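J.: So the chains spell out like this:
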Amino acid sequence: MKTSPKLYEQVAEKIKTQIDRGILGPGQKVPSVRRFSRQLAVSPFTVVQAYWVLENKGLLQSRPGSGFYVAIQGPLEPPEIQPKASLPVPPFQRMPFDKKVMGEVVHYFSDKNLLLGCPFPDPRSVPASFGKCLDRARRQLGPAVLGFNAPPGLKELRVQLARHYFHSGLDLRAEDFFLTTGAMEAMHLSVLSFLNPGDTVAVESPCFIGFRTLLDCMGIKVVDIPTDHRYGMDLGLLKKALGRHKVKACYAMPNFSNPSGCSMPDENKKALVEMLTEREVPLIENDIYGDIYFGKARPKPAKAFDKEGWVMLCSSFSKTVGMGVSVGWAVPGRRFTECIGLKVLPFTPSAPLLEKAFANFLALGAYERHLRQVRKMCEDNLRHYQETIATFFPQETRTARPQGGLSLWVELPRKVNILRLCQETAKLGINVNAGGVFSVTFDYSQCLQLYFAVPWDEKVQKTLKTVGELAKKQLVEKH
Amino acid sequence: MENALSPRIYQQVADRITEQIRSGVLPPGSRVPSLRLLSRQMGVNMATINRAYWMLENRGILESRPSSGFYVRPEAAAPSAPSGSKGDFPLQLTSPKKLTSNLETFKYMFSALANPSNLFVSMGIPGLAVLKSQSLQKSLRSSYARPGLKALDYNWFLGYEPLRRQLARHYLDCGLEVPPNQIVMTSGAVESLNVAYRLLMRPGDIVAVESPIILSTMCLQHYGVRVLEIPSDPEQGMDLDFLERALKKFKIRSCLAMPNFRNPMGSLMSDERKKRLVEMLARKGVTLIESDVYGDVHFGKTRPRPAKAFDKADNVILVSSFSKSVAPGVKVGWVLAGGRTMDVFATRWVNTNGTNTLMESAMADFMERGEYRRHLRKLQRHCEESLGRLTQAVLKHFPEGTKVGQPKGGVVSWVELPEKVDGLRLHKEALAQNILVFPGPSFCLRPRFRNFISLGFGSRWTDRLEKAIETLGQLAKKQLAEKH
Chain X
-16 MKTSPKLYEQ VAEKIKTQID RGILGPGQKV PSVRRFSRQL AVSPFTVVQA
34 YWVLENKGLL QSRPGSGFYV AIQGPLEPPE IQPKASLPVP PFQRMPFDKK
84 VMGEVVHYFS DKNLLLGCPF PDPRSVPASF GKCLDRARRQ LGPAVLGFNA
134 PPGLKELRVQ LARHYFHSGL DLRAEDFFLT TGAMEAMHLS VLSFLNPGDT
184 VAVESPCFIG FRTLLDCMGI KVVDIPTDHR YGMDLGLLKK ALGRHKVKAC
234 YAMPNFSNPS GCSMPDENKK ALVEMLTERE VPLIENDIYG DIYFGKARPK
284 PAKAFDKEGW VMLCSSFSKT VGMGVSVGWA VPGRRFTECI GLKVLPFTPS
334 APLLEKAFAN FLALGAYERH LRQVRKMCED NLRHYQETIA TFFPQETRTA
384 RPQGGLSLWV ELPRKVNILR LCQETAKLGI NVNAGGVFSV TFDYSQCLQL
434 YFAVPWDEKV QKTLKTVGEL AKKQLVEKH
Chain F
1187 MENALSPRIY QQVADRITEQ IRSGVLPPGS RVPSLRLLSR QMGVNMATIN
1237 RAYWMLENRG ILESRPSSGF YVRPEAAAPS APSGSKGDFP LQLTSPKKLT
1287 SNLETFKYMF SALANPSNLF VSMGIPGLAV LKSQSLQKSL RSSYARPGLK
1337 ALDYNWFLGY EPLRRQLARH YLDCGLEVPP NQIVMTSGAV ESLNVAYRLL
1387 MRPGDIVAVE SPIILSTMCL QHYGVRVLEI PSDPEQGMDL DFLERALKKF
1437 KIRSCLAMPN FRNPMGSLMS DERKKRLVEM LARKGVTLIE SDVYGDVHFG
1487 KTRPRPAKAF DKADNVILVS SFSKSVAPGV KVGWVLAGGR TMDVFATRWV
1537 NTNGTNTLME SAMADFMERG EYRRHLRKLQ RHCEESLGRL TQAVLKHFPE
1587 GTKVGQPKGG VVSWVELPEK VDGLRLHKEA LAQNILVFPG PSFCLRPRFR
1637 NFISLGFGSR WTDRLEKAIE TLGQLAKKQL AEKH
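The listed protein sequences derive, respectively, from chains X and F. Each residue of the first sequence is one higher than the one before, counting from -16 in our numbering. Each residue of the second sequence is one higher than the one before, counting from 1187 in our numbering.
Derived from the structure by calculation, the hints contain no laboratory data. Watch out, some of these pointers could steer you wrong.
[Stated by the list, open to error] Only pairs whose alpha carbons sit at most 30 Å apart, straight line, appear in this in silico DSSO-like list of lysine-lysine: (1) Lys290(X) - Lys253(X); (2) Lys115(X) - Lys1653(F); (3) Lys1663(F) - Lys1594(F); (4) Lys455(X) - Lys445(X); (5) Lys229(X) - Lys1284(F); (6) Lys1284(F) - Lys204(X); (7) Lys231(X) - Lys1284(F); (8) Lys138(X) - Lys222(X); (9) Lys204(X) - Lys115(X); (10) Lys1564(F) - Lys204(X); (11) Lys138(X) - Lys1663(F); (12) Lys223(X) - Lys12(X); (13) Lys455(X) - Lys442(X); (14) Lys12(X) - Lys455(X); (15) Lys1487(F) - Lys1284(F); (16) Lys1564(F) - Lys1498(F); (17) Lys1283(F) - Lys231(X); (18) Lys229(X) - Lys1606(F); (19) Lys359(X) - Lys398(X); (20) Lys(-3)(X) - Lys12(X); (21) Lys1283(F) - Lys204(X); (22) Lys1663(F) - Lys1324(F).
Computed from a prediction, not measured in an experiment: that's the story for all the values here.
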């Protein structure tokens, strides 16, 4: 006797047909379980089973608290990084202070149309409550608003930051922090506190250009350690590099790295910190995107696994609130005295107004509320980006799947000349970052970096579509 | 033709009287010409003469006797200028490591600075009391008022554009034409300097700096450069002949100078000297890093021009900020680098990435409403008055033979005590009494300026300050008495 397919299989087949016919497009929501079960007159559990089957096949995606969606077409996989075994220990190198690279950076910045090359949240998304906190701070401070806070900066804010990190699973005291004019200054002072020209630093690759340029300006050599999209920095290779070169420090963004978007699992963070602690090599940890997570809980900074003070945590509010509010901080561990020394002489005090405003912002819980909105906005944006890329970019395009942050790493087919693409888009006032600038050791010339920081609208979609079409045009030409 | 340095008329009158006193034509206790007489004689307004006399009275040179007129004060001779760093100045390099050799001695000074119970009498920053803070607060409010929220605007390129336009206009009044897109904003004076250092300094380079040095020169230790000190005069600034010899002997890569009211001496270079400096360096391809933070705080009629105004070869990088002319909490600085604007931008980008838009937009508003000019006029008047009070107090309380510099702008004066007084000891003993004063040796890399101190006049003159000067004077006198 022929066994008829189970009921849930039939339901699954129904949905699959709809998807195949293109009635349900990538990224679209499928009918809710309740509605579909009523419609087909089957139990809700049957529908759920059907959706699970499709999810297992990779046709659907569930989004917690939202329902099931048609999975975005195309394999969303990380760019091909050569297998570990064949990778030699990277040689250290000095990245030339490349005027061309800087020229590109400058180009993005100078352009009014900052849509895709902009790593900062839209000023429109800043809550009114922050303005109120500013005004309150101004009134509280009175004439002292123009005085200065001597390093390490306003205690009130440092207490609030310690509390904020406590919620991320990191026990710190207010005395562990010093406040800066941004994460970049925090990293700069961290580097100055113990590195000298000629030293070597192991950095994750692809690496944030700002940090690389900083090292280069200081005459510091670099060993590129490749990252994997699921595990972040390749610890095996790092270990080899530590044995081979006289590495004085290590740089990583364990949470939602810029530009690759990858994160390290907690075990890897722990292993990384232990490996470095054993060798007494400081880790400069850039945790600037840690608060923009899409999962349930904030990922821990690597600093959370630091027992002996070898991790120097650097971060700021610029990615979550806006870049015009230049307040950042560092938790330099055992290098605290040296770092403070660099703030004290030359005497670079900080501005009281912003520090006070942020202390208010955090104390009132308004920062946490704001973060919730930022996370939601970024996650939505990312989904829209993924959909648009799947629809309008060349077929073999792959993207990373960041679980937070603001950066999307995209790999285009070999035949697309990325530099040319960037030039063409720049002419139209669209800024995208060519992957090639993020490393000298490894070839990311087929990659693009996009930021999904601006609120999604038709203009953004159109812009992204244009990039995809320009890439496609190149493919057609070649044939 | 009006020279940028030509003093106002009342200052000319005052100088004339001072000269007469110095040369003995008007001996102590003698009556000076009446207002009416002098005004008729010189063909100037009586109010002008009155202002000149009032200023001299302030400085302790004249005294008014009710219904009798002005007299030369019996005990006070006019202040004479302290000496600079001339004489047997060696043409010698200091290695990067040695740059901080005297640093350790003075690190504690900054904790002393943070202690509010200490009175800081060498302060190189104007006091907050001078600022009409209501007006700046209004600008601040405007920067985060909705709609607009300028404070959080995208601001990643050179800095807040309206402020750069205001600055360009401001510099035009100072005789310097600079397009707004050649101004790179930074987060303060120290960052401005650091950006210039980071851009130009390479390990092993030789850098010429004015002696006495300013404290931020010590940052050069991070760049691995060797430092060559160039002596300078409290009135004329850098010794250009010495610099010329140094240029012949060494391959100097860059030169740091502060031609307008240089801290700690308050010296001002004349336009001719600025021109000579710029041309001399341009011929050798040596970049001049010019700090112009005190340029706006001038007592003369017109603002002295920055050396950058004479820069035809695009060889001068000008750094400045609002911290010395408005308040340190503003944290807004800038760099003018001509053709090297992009490099400066890239360097700042690496240093701190973004800048403080909130304060930048507030300052743009402050300048736009003409409040900055008004503030400067007030600050100038106030500083000049404080300098008079300071001079008077020093002449009254300090040992005989003490010389007080009379800068024509800025907020710091250089004071030379009798040779037997140890400035460092004075500093230590004063700190025990909660007075923080910078001794001469903190401004140089080799043991020098032993009997010098720097005194600031940017704060409102108070009894507490007067008392502190008195205490300092007593401590100095005590040292002298011991030695005999």
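J.: None of the hints should be skipped; say for each whether it holds.
T.: Evaluated hints:
As the CA atoms of Lys290(X) and Lys253(X) are separated by approximately 10 Å, the hinted pair is consistent with the 30 Å bound. Proposed proximity of Lys115(X) and Lys1653(F) is contradicted: the alpha carbons are some 43 Å apart, above 30 Å. Of the supplied pair hints, the one linking Lys1663(F) and Lys1594(F) holds, its CA atoms being roughly 29 Å apart against a limit of 30 Å. As the CA atoms of Lys455(X) and Lys445(X) are separated by approximately 15 Å, the hinted pair is consistent with the 30 Å bound.
Taking the CA atoms of Lys229(X) and Lys1284(F), the gap is near 27 Å; set against the 30 Å cutoff, the hint holds. Among the hinted pairs, Lys1284(F) with Lys204(X) is consistent with the structure: their alpha-carbon atoms are about 26 Å apart, no more than 30 Å. In summary, the hint linking Lys231(X) to Lys1284(F) is supported, as the alpha carbons are separated by about 24 Å, within the 30 Å threshold. Between Lys138(X) and Lys222(X), the direct Cα distance comes to roughly 39 Å. Violation of the 30 Å bound is thereby established for this hinted pair.
Of the supplied pair hints, the one linking Lys204(X) and Lys115(X) is violated, its CA atoms being roughly 46 Å apart against a limit of 30 Å. For the hint pairing Lys1564(F) with Lys204(X), the CA-to-CA distance comes to about 52 Å; that exceeds 30 Å, so the pair is violated. Of the supplied pair hints, the one linking Lys138(X) and Lys1663(F) is violated, its CA atoms being roughly 42 Å apart against a limit of 30 Å. Taking the CA atoms of Lys223(X) and Lys12(X), the gap is near 47 Å; set against the 30 Å cutoff, the hint is violated.
Restraint check: the Cα-Cα separation between Lys455(X) and Lys442(X) comes to about 20 Å, which is no more than 30 Å; the hinted pair holds. Our distance criterion of 30 Å between C-alpha atoms is met by Lys12(X) and Lys455(X), whose separation comes to about 28 Å. A distance of roughly 42 Å separates the Cα atoms of Lys1487(F) and Lys1284(F); the hinted pair therefore is violated under the 30 Å criterion. For the hint linking Lys1564(F) to Lys1498(F), the alpha-carbon distance of about 34 Å lies beyond 30 Å, and the restraint is violated.
A C-alpha spacing of about 21 Å is found between Lys1283(F) and Lys231(X), which places the hinted pair at or below 30 Å, so the restraint holds. A threshold of 30 Å between alpha carbons decides the hint, and for Lys229(X) with Lys1606(F) the separation of about 53 Å lies outside it, so the pair is violated. At most 30 Å may separate the alpha-carbon atoms for a hinted pair to count; Lys359(X) and Lys398(X) exceed this at roughly 35 Å. At most 30 Å may separate the alpha-carbon atoms for a hinted pair to count; Lys(-3)(X) and Lys12(X) meet this at roughly 15 Å.
For a cut-off of 30 Å, the pair hint linking Lys1283(F) to Lys204(X) stands: about 22 Å separates their Cα positions. Proximity of Lys1663(F) to Lys1324(F) is assessed by CA-CA distance (about 48 Å); at most 30 Å being required, the pair is judged violated.
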